[in-house]
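So the protein sequences, as listed, match chains A and B.
Quick note on numbering: the first sequence equals residues 1 to 394 in the numbering used here.
Quick note on numbering: the second sequence equals residues 1001 to 1213 in the numbering used here.
It cannot be assumed that every hint is accurate.
As the list claims (entries may be wrong) - Listed below are the simulated BS3-like cross-link pairs for lysine-lysine, each with C-alpha atoms no more than 25 Å apart in a straight line:
| hint | chain 1 | residue 1 | chain 2 | residue 2 |
| --- | --- | --- | --- | --- |
| 1 | A | K278 | A | K302 |
| 2 | A | K177 | A | K303 |
| 3 | A | K391 | A | K346 |
| 4 | A | K49 | A | K323 |
| 5 | A | K273 | A | K175 |
| 6 | B | K1187 | B | K1079 |
| 7 | A | K284 | A | K303 |
| 8 | A | K175 | A | K302 |
| 9 | A | K303 | A | K280 |
| 10 | B | K1182 | B | K1079 |
| 11 | B | K1182 | A | K175 |
| 12 | B | K1079 | B | K1181 |
| 13 | B | K1033 | B | K1106 |
| 14 | A | K280 | A | K302 |
| 15 | A | K166 | A | K323 |
| 16 | A | K284 | A | K323 |
| 17 | A | K177 | A | K49 |
| 18 | A | K177 | B | K1181 |
| 19 | A | K323 | A | K167 |
| 20 | A | K175 | B | K1187 |
| 21 | A | K284 | A | K175 |
| 22 | A | K280 | A | K323 |
| 23 | A | K175 | B | K1106 |
| 24 | A | K177 | B | K1113 |
| 25 | A | K303 | B | K1187 |
| 26 | A | K303 | A | K49 |
| 27 | A | K302 | B | K1037 |
| 28 | A | K302 | A | K346 |
| 29 | B | K1181 | A | K303 |
| 30 | A | K177 | B | K1037 |
| 31 | A | K177 | B | K1079 |
| 32 | B | K1033 | A | K177 |
| 33 | A | K391 | A | K323 |
| 34 | A | K303 | B | K1037 |
Unchecked claim - Some chain B residues close to chain A (C-beta under 10 Å, calculated; not the full set):
| hint | residue |
| --- | --- |
| 35 | T1017 |
| 36 | A1021 |
| 37 | L1067 |
| 38 | Y1071 |
| 39 | V1075 |
| 40 | V1164 |
FYI, nobody ran anything at the bench for these hints, they're computed from the structure.
Keep in mind that this is a model prediction, so the values were computed, not measured.
Don't be surprised by glycine CBs; every beta carbon is placed ideally from N, CA and C.
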Amino acid sequence: MVSSLILCALMSCLTFFFCVVMGNFAPTSIIYAVFLIFIFTRMTFAERKRIGSGVIYRRIFQTVFAVGFCIAFISDLYAERGSMAITSEAMNNSELPFCHIAIPQVLLPFLITKSIIFPARISGAYAAAASMICIWLAVTLTVGRGWCSWICFYGGWEEGFSHVAKKRRLNLLPKNKEMREIHFGFFLFIILASICQLSCIYCEWFCPFKLTTEYFPMNSIPTLLAGVMFIGLFLGLVVVLPILTKRRTQCSTLCPFGAFASLTDRISLFRMKIDTDKCKGCLKCASACPFGAIDITTIQEKKGHPELNCAKCGECMNACPEKAISYEFRFNMKKEKCGCGRKEPKTAFGRVLREISEPAQLFRFAAFTFGMIMSSGFVDRSMKIVFDAIKGAF
Amino acid sequence: MILEAILLGLSTGTYCTMYCAPVLIPFLFGCEKTGHKRNAALTGAFLGGRLAMYFILGAAFAGMELLVHEYMNPVLARKLSVYAYIFCGLSLLFNSLGVKFPWGCKDGCHSPKLRRIGNDWVTAVVTGLSVGLHVCPPLWTAILRSVFGGNGISGFFYFLFFYVGTLPFFIPLLGIPFVAKKLPVIKRVSRVTQFCLSLYFLVCLGLLPFFFG
Chain A
1 MVSSLILCAL
11 MSCLTFFFCV
21 VMGNFAPTSI
31 IYAVFLIFIF
41 TRMTFAERKR
51 IGSGVIYRRI
61 FQTVFAVGFC
71 IAFISDLYAE
81 RGSMAITSEA
91 MNNSELPFCH
101 IAIPQVLLPF
111 LITKSIIFPA
121 RISGAYAAAA
131 SMICIWLAVT
141 LTVGRGWCSW
151 ICFYGGWEEG
161 FSHVAKKRRL
171 NLLPKNKEMR
181 EIHFGFFLFI
191 ILASICQLSC
201 IYCEWFCPFK
211 LTTEYFPMNS
221 IPTLLAGVMF
231 IGLFLGLVVV
241 LPILTKRRTQ
251 CSTLCPFGAF
261 ASLTDRISLF
271 RMKIDTDKCK
281 GCLKCASACP
291 FGAIDITTIQ
301 EKKGHPELNC
311 AKCGECMNAC
321 PEKAISYEFR
331 FNMKKEKCGC
341 GRKEPKTAFG
351 RVLREISEPA
361 QLFRFAAFTF
371 GMIMSSGFVD
381 RSMKIVFDAI
391 KGAF
Chain B
1001 MILEAILLGL
1011 STGTYCTMYC
1021 APVLIPFLFG
1031 CEKTGHKRNA
1041 ALTGAFLGGR
1051 LAMYFILGAA
1061 FAGMELLVHE
1071 YMNPVLARKL
1081 SVYAYIFCGL
1091 SLLFNSLGVK
1101 FPWGCKDGCH
1111 SPKLRRIGND
1121 WVTAVVTGLS
1131 VGLHVCPPLW
1141 TAILRSVFGG
1151 NGISGFFYFL
1161 FFYVGTLPFF
1171 IPLLGIPFVA
1181 KKLPVIKRVS
1191 RVTQFCLSLY
1201 FLVCLGLLPF
1211 FFG
């Protein structure tokens, strides 16, 4: 109880600083800060009651973040350019906002040519390449691919759509392995094609979120075809398939950043652990996983952890009736097997400290902090835009 | 002269890598048999095809009297690149459908009719020939130097040594069988990559610019 209170107080301080102070004490920033503190508190205390039950608050947070980001970003584009279409002036001046999905595409060409192939600002205002890469590095070292399920401002769309239907209409569980192969195969294709063309191929041809951000003006047949591709991919992979499969299909088959984050996740602090002694093999975790990271063979072969593409969303913890799945420090995975290195604290202070330093608590705290910092500016502004629009309407 | 040719190749070999690596990496990783000798021979066939196309291009440019200009006509270079992508994309697609289809078919053969035309050796040579159609600035420089640098034989050797200078960038490809053995899943992943890449080359970089500029 005390440990949860301490974490909530700490999060409140951080939220106050990053949302309220950075937002110049605007009413919308205060409202958003209260919302964030409420979400984190509810999540922390729900997890105390029943392991995994806090995932619903993560879903709400990520969906709100995605919608808020979209509103704020589009209004920024309209204010700056008068439309969502990329202008040749913005291209020539390298003023396109740099998003994290472009990171894996620019890294190898950067090593070869010593220049960023995306027409973005290198430093300075928000969404500059350098700041985005720094944020990505910090997130990779701490929460790893947790980025996709906690911090990604696009993922919330799929998160929301995948919980629209009550029942799953299409079961992709037996196809998990094939989907992973497609994901990594497509990732390798994007990397190689980006090297070959020295441009971000995914952004030019395959990004479904062009529909919610910015796109090339459709004034020729190739750009028209690209537009059709964006719309098709958005409707197919972000709307229809998540509703039918209750999964994040774009994130688990197409997103190059997702595949890249899966590979770099090995250097992160946390990972999911499946207690093979407790596990009864019911496969509820496998069907609950929105990223297809738990196969039938993962459970049957008693691997003890999900597959490479786990995004640490915690849905499997919520689904497991035996509570056999938990967050664990990566460096502790081997130690846990021998049962050594864990001593029961004797004092109350020691117990509180032990509770706070539980991997699950620390992971949620770190992931939520990053999400809060990333989301604060966008959601705050989007609320202001919505309130202004409502005020204008009346 | 020889040293200059080798240094020119060494200093500009990244151009070759940028055009060749996207074709060779998924192609070699996706092969059913991944022995060291076969891998080296396929790489050799690809590089041989590329060298042969350079000689054909050199002769054709000389015949068309294009070599009197210091710079390559960019429109012609772009047209050649479009053809390169069409042929390369088709060849990789035939190979994908005939021998290396990633999903649900025995021995990777999705269309038995394409099995012969899309076999690994034909693909290595055809893709090598088509990648050779990309006329990059270093290649143009090498062609000019070899033509105007002296008599015919020394020019031939100048170009040959320029080509040799670019080859060290391909040495890492010899490690592919080792990686494929350690990481068996990479074969299927590479086949998916090759399939995507063939469609991308054919449609986005080949047919669309061909028809719509």
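Here is what the structure says about each hint:
1. Annotation: proposed proximity of A:K278 to A:K302 holds, straight-line Cα distance about 11 Å (limit 25 Å).
2. With a C-alpha separation of about 15 Å, the suggested pair A:K177 and A:K303 falls inside the 25 Å cut-off, and the hint holds.
3. Of the pairs offered as hints, the one joining A:K391 and A:K346 is violated, with about 58 Å between alpha carbons and a cut-off of 25 Å exceeded.
4. Only pairs whose Cα atoms come within 25 Å are accepted, and A:K49 paired with A:K323 is accepted, the gap being roughly 13 Å.
5. Restraint check for A:K273 and A:K175: the C-alpha separation of about 22 Å stays at or below 25 Å, so the hint holds.
6. The straight-line distance between the Cα atoms of B:K1187 and B:K1079 is roughly 33 Å, outside the 25 Å bound, and the hint therefore fails.
7. As the CA atoms of A:K284 and A:K303 are separated by approximately 16 Å, the hinted pair is consistent with the 25 Å bound.
8. The hinted pair formed by A:K175 and A:K302 meets the criterion: a straight-line CA distance of about 19 Å does not exceed 25 Å.
9. Restraint check for A:K303 and A:K280: the C-alpha separation of about 14 Å stays at or below 25 Å, so the hint holds.
10. Taking the CA atoms of B:K1182 and B:K1079, the gap is near 41 Å; set against the 25 Å cutoff, the hint is violated.
11. With a CA separation close to 24 Å, the supplied pair B:K1182 and A:K175 stays within the 25 Å bound.
12. A hinted pair counts as satisfied when its Cα atoms are at most 25 Å apart, and B:K1079 with B:K1181 does not qualify at roughly 40 Å.
13. The straight-line distance between the Cα atoms of B:K1033 and B:K1106 is roughly 15 Å, inside the 25 Å bound, and the hint therefore holds.
14. Between A:K280 and A:K302 the CA atoms are separated by roughly 11 Å; this keeps the pair inside 25 Å, and the hint holds.
15. Of the supplied pair hints, the one linking A:K166 and A:K323 holds, its CA atoms being roughly 23 Å apart against a limit of 25 Å.
16. About 11 Å separates the Cα atoms of A:K284 and A:K323, which keeps this hinted pair within 25 Å; it holds.
17. A distance of roughly 34 Å separates the Cα atoms of A:K177 and A:K49; the hinted pair therefore is violated under the 25 Å criterion.
18. In summary, the hint linking A:K177 to B:K1181 is supported, as the alpha carbons are separated by about 19 Å, within the 25 Å threshold.
19. Note on A:K323 and A:K167: the hinted pairing holds, with a Cα-Cα distance of about 23 Å set against a maximum of 25 Å.
20. For a cut-off of 25 Å, the pair hint linking A:K175 to B:K1187 stands: about 18 Å separates their Cα positions.
21. Our distance criterion of 25 Å between C-alpha atoms is met by A:K284 and A:K175, whose separation comes to about 16 Å.
22. Our distance criterion of 25 Å between C-alpha atoms is met by A:K280 and A:K323, whose separation comes to about 10 Å.
23. Between A:K175 and B:K1106, the direct Cα distance comes to roughly 18 Å. Compliance with the 25 Å bound is thereby established for this hinted pair.
24. For a cut-off of 25 Å, the pair hint linking A:K177 to B:K1113 is broken: about 29 Å separates their Cα positions.
25. Between A:K303 and B:K1187 the CA atoms are separated by roughly 23 Å; this keeps the pair inside 25 Å, and the hint holds.
26. Between the alpha carbons of A:K303 and A:K49 the distance comes to roughly 28 Å, so the proposed pair goes past 25 Å and is violated.
27. The hinted pair formed by A:K302 and B:K1037 fails the criterion: a straight-line CA distance of about 38 Å is larger than 25 Å.
28. In summary, the hint linking A:K302 to A:K346 is not supported, as the alpha carbons are separated by about 35 Å, beyond the 25 Å threshold.
29. With a C-alpha separation of about 22 Å, the suggested pair B:K1181 and A:K303 falls inside the 25 Å cut-off, and the hint holds.
30. Taken as a hint, the A:K177 and B:K1037 pair is broken in the structure, with Cα atoms around 31 Å apart against an allowance of 25 Å.
31. This hinted pair does not check out: A:K177 and B:K1079 have alpha carbons roughly 41 Å apart, beyond 25 Å.
32. The suggested pairing of B:K1033 with A:K177 holds, with an alpha-carbon distance near 22 Å, which does not exceed 25 Å.
33. This hinted pair does not check out: A:K391 and A:K323 have alpha carbons roughly 48 Å apart, beyond 25 Å.
34. For a cut-off of 25 Å, the pair hint linking A:K303 to B:K1037 is broken: about 36 Å separates their Cα positions.
35. Because the smallest distance between the Cβ of B:T1017 and any Cβ of chain A comes to about 8 Å, under 10 Å, the interface hint for this residue holds.
36. Checking B:A1021 against chain A by beta carbon gives a least distance of about 7 Å; that is within 10 Å, so the hint holds.
37. Given hint, B:L1067 at the interface with chain A, is violated; its Cβ is 27 Å from that chain's nearest Cβ, farther than 10 Å.
38. Look at B:Y1071: its Cβ only gets to about 20 Å from chain A, farther than 10 Å, so that hint breaks.
39. At its closest, the beta carbon of B:V1075 sits 18 Å from a beta carbon of chain A; the interface hint therefore is violated under the 10 Å criterion.
40. Hint status for B:V1164: violated, given a least beta-carbon distance of 21 Å to chain A, over 10 Å.
Violated hints, in rising order: 3, 6, 10, 12, 17, 24, 26, 27, 28, 30, 31, 33, 34, 37, 38, 39, 40; the structure is consistent with all others.
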